[in-house]
Amino acid sequence: MSAIELKYAIPGDDFTRAGEASSSIKMRLKQMGFDPCFIRRVAIAVYEGEINMVIHANGGEIVVNISPASTDITLTDDGPGIPDVELAMKAGFSTAPENVRNLGFGAGMGLPNMKKYTDEMDIQSEVGVGTTVRMKVYANAT
Amino acid sequence: MPMQREQHDTFFHSVHLEKDLCKGCINCIKRCPTQAIRVRNGKANITKEFCIDCGECIRICSHHAKKAVFDPFDIPGRFEYTVALPAPSLFGQFNNLDDPAIVLQGLLDIGFDDVYEVSAAAELVSELTRNKIAEGNCPLPIISSACPSVVRLIRVRFPSLLELMPPLNPPIDVAAAAAARIAVEKSGLPREKIGIIFISPCPAKVTAVYSPLGMEKSEVDAVFAISDVYPRLLQVMKHDANSAAASKSGKIGIGWGGSGGEADGLLNDNYLAADGIENVIRVLEDLEDGKLQEGLEFIELNACAGGCVGGVLTVENPFIAKTKLKRLKKYMPVALNHLDGVVPDGAYQDFPIKYEPVYRLGEGIEENIALMAKAEELMSRLPDLDCGSCGAPTCEAFAKDVVCGIAKEKECIHLLRDYLHKLSNEIGD
Ligand SMILES: Nc1ncnc2c1ncn2[C@@H]1O[C@H](COP(=O)(O)OP(=O)(O)OP(=O)(O)O)[C@@H](O)[C@H]1O
Ligand code: SF4
Ligand SMILES: [Mg+2]
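In the order they appear, the protein sequences are chains X and W.
According to numbering that gives the first Met the number 0, the first sequence is numbered sequentially starting from 0.
According to numbering that gives the first Met the number 0, the second sequence is numbered sequentially starting from 0.
So that you can see chain X by itself, here it is in the shape it has in the complex:
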């Protein structure tokens, strides 16, 4: 079975570039002929993860593994880490600073949306070390 790996370095604190990785991944998935609904789910998951790394972790790396059956997304950063993952996953929970909220981020919906739009999601985080978010989206899931 054919597969492909795509890698993106995400610079920290640069809002203007947030969305570039998601945009590139989307285009490639379209070029590979994936179903539009599936592409949208991957796009939302990647975008939310990308923006979280920019806002909360001073950047990081996105690795996407694409095969006909599924796409695996791994977001890795060496930011401050998440002290209470369960709490962070709650809809509406956010530690976003005021200046970020003014920009329209910080509704505390990113992680819950990532969970909602993917089939599997796992967060490994250690305070002071960093965070790794793994997500899986199946191509033929509804």
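No incorrect hints appear here.
Below, a sample of chain W positions facing chain X; criterion: calculated Cβ distance under 10 Å:
1. R156
2. F157
3. S159
4. L160
5. E287
6. G289
7. K290
8. E293
9. Y354
10. P356
11. G361
12. E362
13. I368
14. A372
15. K399
Since the hints were derived computationally from the structure, they do not count as laboratory data.
Just so it is clear, CB atoms sit at the ideal spot from N, CA and C, and this is done for glycine as well.
Following the hints, position chain W with the ligands against chain X.
Coordinates of chain W with the ligands only, in the frame set by chain X:
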């Protein structure tokens, strides 16, 4: 000679290349928002599956090799009775215009038998859209389907957003249906002897008439360019004339000519209006990423900066034209056209617009992933300069062309140079 209708080709285009004028420079390949153009053998080529008729290549080409095709001004021409359908943007082309009727009278004076303002129909489409939002049974935000360039962009590149476009046709189709019915009544002639003629700001609307999406055949019989009709109107338009024609448009309808106008017609603030094709793409990308949903009910998108007054077949500077429309609207009533519980003919699409996966590298997903992997490998060997010498807009586009068999690796001058180096080293050894 009237243009040929290509009934079954939904990739017919008004925008085309005049080969003799093309110098093979790479300005247009860089400007095209869908990467539809390649320079091969010293001439530009437009891939028709990617082209959305936005007119960007016409704007950038300094050799005037990119053209928009439309019907030559000829009335009555092949018809016995003609009705002009002026686009709202036409009214933004004139100085000191205080009443659209002056333009309408001008259209009669240059030979049309009757006029029907697209802006009048636009008010009905605004009301239909308001009702759709109020009914609350469609996904929000609604994306406007008024700009054919945007519709074509969405159908090839943003398939998951197709569901946000309601099955409504743009005002031109509502206007054409009404104009045809009235013309048959007034003239007593059979429909085929009547010419419903749209006066267009852009090639995209020419394409939408000759190769419509969502319907089998447009009610519009021919399309003239604003730039072609404008000088003729200037010769006959008089300010103090007793005009037999009266305008049936209000603020809402005329407003459709500039960006933000259609959204204004919804009479609420939960909208977003973006103009200029790059801005439109950004909004669509954001929508696809799940941004922008909160409380947003409507998205107006115009491929041209400034809206339709910025179309490549208009004459006036778009921003000046927008100001002129604003002035013209000032003392107008809000709207002069109301549904009164009736759904007008031509308002709804006959069938939904389908996703066209033109960007797909090959046929099956297995094969495509393998092709993508090859393209990524090739890209790692390219200089990432996007220099355009290979005729493709970016190194990435070139790599995909190579794996799809449209281009050869050695057409990249950098790869060729490396290859020649290696060769001369081998000979030297
Ligand atoms: N990569 C990360 N590193 C450190 N903390 C994180 C990271 N991702 C998320 N968090 C923490 O989890 C919280 C919730 O994240 P979530 O994405 O759900 O909301 P948000 O980013 O605050 O707001 P929104 O995503 O709605 O704009 C964040 O406020 C932040 O404290
Ligand atoms: S914005 Fe108006 S003028 Fe420009 S392409 Fe779209 S419909 Fe035509
Ligand atoms: Mg977030």
